[in-house]
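Q: Fit chain B to the known structure of chain A by using the hints.
Protein chains: 2
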Amino acid sequence: MASPARKPHVVIIGGGFGGLEAAKKLGNEPVQVTLIDRTNYHLFQPLLYEVATAALSPADIAAPIRGVLTKYTNMEVMLAEVQGINVAAKTVSTGDQQIAYDYLIVATGARHSYFGNDQWETLAPGLKSLEDAVEIRRRLLLAFEYAERITDEAARNAAMTFAIIGGGPTGVEMAGAIAEIARYTLAKDFHHIDPSHARVILIESNERVLSAFPEKLSASAKKQLEDLGVEVRTGVRASNLTTEGLEVNGEFIPCRVKIWAAGNAASGLGKMLGAPVDRAGRVMVNPDLTIPDYPEVQVIGDLAHFAHQKGEPLPGVSPVAMQQGRHAARNILWMLEGRKPQRFWYWDKGSMATIGRNKAVADLNIVHFSGRLAWLAWLFVHIIFLVGFRNRVAVLLQWAWAYFTFNKGARLITRNFQAEARPAS
Amino acid sequence: MASPARKPHVVIIGGGFGGLEAAKKLGNEPVQVTLIDRTNYHLFQPLLYEVATAALSPADIAAPIRGVLTKYTNMEVMLAEVQGINVAAKTVSTGDQQIAYDYLIVATGARHSYFGNDQWETLAPGLKSLEDAVEIRRRLLLAFEYAERITDEAARNAAMTFAIIGGGPTGVEMAGAIAEIARYTLAKDFHHIDPSHARVILIESNERVLSAFPEKLSASAKKQLEDLGVEVRTGVRASNLTTEGLEVNGEFIPCRVKIWAAGNAASGLGKMLGAPVDRAGRVMVNPDLTIPDYPEVQVIGDLAHFAHQKGEPLPGVSPVAMQQGRHAARNILWMLEGRKPQRFWYWDKGSMATIGRNKAVADLNIVHFSGRLAWLAWLFVHIIFLVGFRNRVAVLLQWAWAYFTFNKGARLITRNFQAEARPAS
Numbered sequence: 000m001a002s003p004a005r006k007p008h009v010v011i012i013g014g015g016f017g018g019l020e021a022a023k024k025l026g027n028e029p030v031q032v033t034l035i036d037r038t039n040y041h042l043f044q045p046l047l048y049e050v051a052t053a054a055l056s057p058a059d060i061a062a063p064i065r066g067v068l069t070k071y072t073n074m075e076v077m078l079a080e081v082q083g084i085n086v087a088a089k090t091v092s093t094g095d096q097q098i099a100y101d102y103l104i105v106a107t108g109a110r111h112s113y114f115g116n117d118q119w120e121t122l123a124p125g126l127k128s129l130e131d132a133v134e135i136r137r138r139l140l141l142a143f144e145y146a147e148r149i150t151d152e153a154a155r156n157a158a159m160t161f162a163i164i165g166g167g168p169t170g171v172e173m174a175g176a177i178a179e180i181a182r183y184t185l186a187k188d189f190h191h192i193d194p195s196h197a198r199v200i201l202i203e204s205n206e207r208v209l210s211a212f213p214e215k216l217s218a219s220a221k222k223q224l225e226d227l228g229v230e231v232r233t234g235v236r237a238s239n240l241t242t243e244g245l246e247v248n249g250e251f252i253p254c255r256v257k258i259w260a261a262g263n264a265a266s267g268l269g270k271m272l273g274a275p276v277d278r279a280g281r282v283m284v285n286p287d288l289t290i291p292d293y294p295e296v297q298v299i300g301d302l303a304h305f306a307h308q309k310g311e312p313l314p315g316v317s318p319v320a321m322q323q324g325r326h327a328a329r330n331i332l333w334m335l336e337g338r339k340p341q342r343f344w345y346w347d348k349g350s351m352a353t354i355g356r357n358k359a360v361a362d363l364n365i366v367h368f369s370g371r372l373a374w375l376a377w378l379f380v381h382i383i384f385l386v387g388f389r390n391r392v393a394v395l396l397q398w399a400w401a402y403f404t405f406n407k408g409a410r411l412i413t414r415n416f417q418a419e420a421r422p423a424s
Numbered sequence: 000m001a002s003p004a005r006k007p008h009v010v011i012i013g014g015g016f017g018g019l020e021a022a023k024k025l026g027n028e029p030v031q032v033t034l035i036d037r038t039n040y041h042l043f044q045p046l047l048y049e050v051a052t053a054a055l056s057p058a059d060i061a062a063p064i065r066g067v068l069t070k071y072t073n074m075e076v077m078l079a080e081v082q083g084i085n086v087a088a089k090t091v092s093t094g095d096q097q098i099a100y101d102y103l104i105v106a107t108g109a110r111h112s113y114f115g116n117d118q119w120e121t122l123a124p125g126l127k128s129l130e131d132a133v134e135i136r137r138r139l140l141l142a143f144e145y146a147e148r149i150t151d152e153a154a155r156n157a158a159m160t161f162a163i164i165g166g167g168p169t170g171v172e173m174a175g176a177i178a179e180i181a182r183y184t185l186a187k188d189f190h191h192i193d194p195s196h197a198r199v200i201l202i203e204s205n206e207r208v209l210s211a212f213p214e215k216l217s218a219s220a221k222k223q224l225e226d227l228g229v230e231v232r233t234g235v236r237a238s239n240l241t242t243e244g245l246e247v248n249g250e251f252i253p254c255r256v257k258i259w260a261a262g263n264a265a266s267g268l269g270k271m272l273g274a275p276v277d278r279a280g281r282v283m284v285n286p287d288l289t290i291p292d293y294p295e296v297q298v299i300g301d302l303a304h305f306a307h308q309k310g311e312p313l314p315g316v317s318p319v320a321m322q323q324g325r326h327a328a329r330n331i332l333w334m335l336e337g338r339k340p341q342r343f344w345y346w347d348k349g350s351m352a353t354i355g356r357n358k359a360v361a362d363l364n365i366v367h368f369s370g371r372l373a374w375l376a377w378l379f380v381h382i383i384f385l386v387g388f389r390n391r392v393a394v395l396l397q398w399a400w401a402y403f404t405f406n407k408g409a410r411l412i413t414r415n416f417q418a419e420a421r422p423a424s
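Chains A and B, in that order, give the protein sequences.
Here the first sequence stands for residues 0 to 424, numbered as in numbering that gives the first Met the number 0.
Here the second sequence stands for residues 0 to 424, numbered as in numbering that gives the first Met the number 0.
Excised from the complex, chain A in its bound form (with noise of 0.2 Å):
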């Protein structure tokens, strides 16, 4: 496929957990890598609701992809927003530039759905990103200096009404990390208003939360987040968002800040591959990982729609994108060497959530459990697989003062940047 005077060509899209696990796969190899990102770290999203939390603060969960990169030779990293992709004529463009590949991986990710009513997303932010975390972060904390500024009831108590959208593992983690900011966070902080006693409600159209885990642990993470204060709402639907609140089952309820984890869609980088796609926009691939008729071309992660053995697509979280990242590195491998890619396995190694301080669920396929024990599987898993040893560190240390103090350092409302201007160039 390439010519023997130069290595084949690899060019990655995406450095989230798919396509930085490629990239490291393919560190050293007999081939040229390129990953492009339009942001210059890597994003430890699991820990992204900490940041929103003012828990952590965003360099804490972000290593620069240079940085993780930089000991491999034969790795060029490009900070670039991919425009397009010709399958046919086998190039990428960033616009200004037409980059050629010899073998593509595509794990640009999902964003937030909002169903149909875009008009949402400025009202309740989803968290996907930094930027959706730092502006989550200071709704927050603005609302309570709101509350604490103002006099007349009715807006005080909206003020410090606190709506959660979605009760997946996201949901679930605000919610719980909500509550226990206002509750010990906060509690002595204010003179005019008690933080503790904020409503914070979570709104789950399911029949019970974190509906992808045994009923056992869905009930077990409802009543640890009653035991927390929060209300969780199931088998309702929210609608009507507006700035004054939302509607659930038909009962308005006051509400100052919305949160949005209910649905994702895939970036729309899928589509331009001329393969199917899903409802949500993922890619729907072979078992392989390659699509329809191109196989040089794989889409990782939750961008791909991977037919599991239930029927069901594999669930977009960060195990299912880093094996699947290792996968096609050896694919490419394999076909370097006149090979057949092969069938993909997802190895799962079960899944947990986090509520709070010494409150989580845990299901490790041939074992479930909950409290606090789970909470520490929960925080021994994540400074494991946290990226780079300065984070792993300095994420360990906050939380263990956290934990003693019930405090969190980063509680800064930080302004827009609108006034400002962009970079010369």
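These are calculated hints, taken from the structure and not from any lab test.
On a predicted model such as this, the values are computed, not experimentally measured, just so you know.
Take these hints with a grain of salt, some might be off.
Since copy identity is lost for identical chains, a pair holds within one copy or between any two.
Okay, derived cross-link-like pairs now, DSS-like style, lysine-lysine, Cα gap no bigger than 25 Å in a straight line [claimed, not checked]: (1) K348 / K127; (2) K187 / K70; (3) K348 / K23; (4) K89 / K70; (5) K70 / K24; (6) K23 / K187; (7) K6 / K127; (8) K339 / K23; (9) K187 / K24; (10) K6 / K187; (11) K348 / K215; (12) K127 / K270; (13) K24 / K6; (14) K270 / K89; (15) K348 / K70.
A: Chain B only, in chain A's frame:
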């Protein structure tokens, strides 16, 4: 002054070094205190350049004001921007609220001054706020990314040229830190450029850098900067700033990133007091920190012009602000006892400026030194004074990590939030 039924009300505007010290000194005294700030955090400004150069995160050098003052029961913190002061009526206006005071302390500090060239502000941002620091960090890191991507040699050189205008402590610290990042942190991260060839130019209109320091230390600072590869140009002025570059002494230097560290202008609130102000907008205070005719109003910190024995006003540094803050608080307690406010005396313990790893200068009045010893002294003092235990440990850890690895952890290019909505209200 106050009715016997209620405690006298002290309003402090500004939660910087001066305002915060005044508030602490009044903690649990027989007064009611309201501290008003437009941000929710106290900023440790002397380390702002470390955020701008990706060594520390915003939260490492900022402490929520509510958290710092939470232990005092006579204190209220208000997140608001003061719009006006009426010294005759003894009220402060925040737009939607009028707040009456018995005693007022104004401590709103300074912003940059572009000496009549306000159009330079977007071309060469200054370094006063967290937003400034994050913007400068973004420009620095993007410049290297841009240089890596383009092939035009002239444009690449311009992207890798960094001009710092102003050779006071901030300018010297920025120049040293940028040179270090280029030489050590980023050295191996790129393929098409060698960041260690970056050109860092420090421009100072005085005949020497750090002109407030003894001549010997200025010379040492220059030497230490040059050891890091910084071009130090003294006795010359920068002019004609454009996106493409700037002029120094008639010579045009193509240069993408420019940073302003040359001048300060006092906060506009000073002019609302009716007292005389100097050319930089600082309020000419009486020797006891009060303003003429209004002994209940005191001005402290960077906003105050305090005539020193030498004729020069006291410099705009944190020790002055902190000592004045404590003195202003004491004045109020004295006045409550029917005594007169007392004259303020500044106890000058000396000053320091850091240049880089093992590089600094220290002027402790009776003894001057530079190099590693000065650097260690600088490190020690800054850690001791960082507000809040958690920040201290986090900063120490990150410095230790950076020292041993030459790595800097906070190399994030975060986006403008232009597209994002303001919070629902």
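Q: Each hint needs a verdict: does it hold in this structure or not?
A: Comparing the hints with the structure gives:
no. : hint        : result
1   : K348 / K127 : within (24 Å within a copy, 48 Å between copies)
2   : K187 / K70  : between (48 Å within a copy, 8 Å between copies)
3   : K348 / K23  : within (22 Å within a copy, 52 Å between copies)
4   : K89 / K70   : neither (28 Å within a copy, 64 Å between copies)
5   : K70 / K24   : within (13 Å within a copy, 53 Å between copies)
6   : K23 / K187  : between (47 Å within a copy, 17 Å between copies)
7   : K6 / K127   : neither (35 Å within a copy, 49 Å between copies)
8   : K339 / K23  : within (21 Å within a copy, 71 Å between copies)
9   : K187 / K24  : between (50 Å within a copy, 20 Å between copies)
10  : K6 / K187   : between (62 Å within a copy, 22 Å between copies)
11  : K348 / K215 : within (18 Å within a copy, 65 Å between copies)
12  : K127 / K270 : within (20 Å within a copy, 45 Å between copies)
13  : K24 / K6    : within (16 Å within a copy, 69 Å between copies)
14  : K270 / K89  : within (16 Å within a copy, 65 Å between copies)
15  : K348 / K70  : neither (29 Å within a copy, 46 Å between copies)
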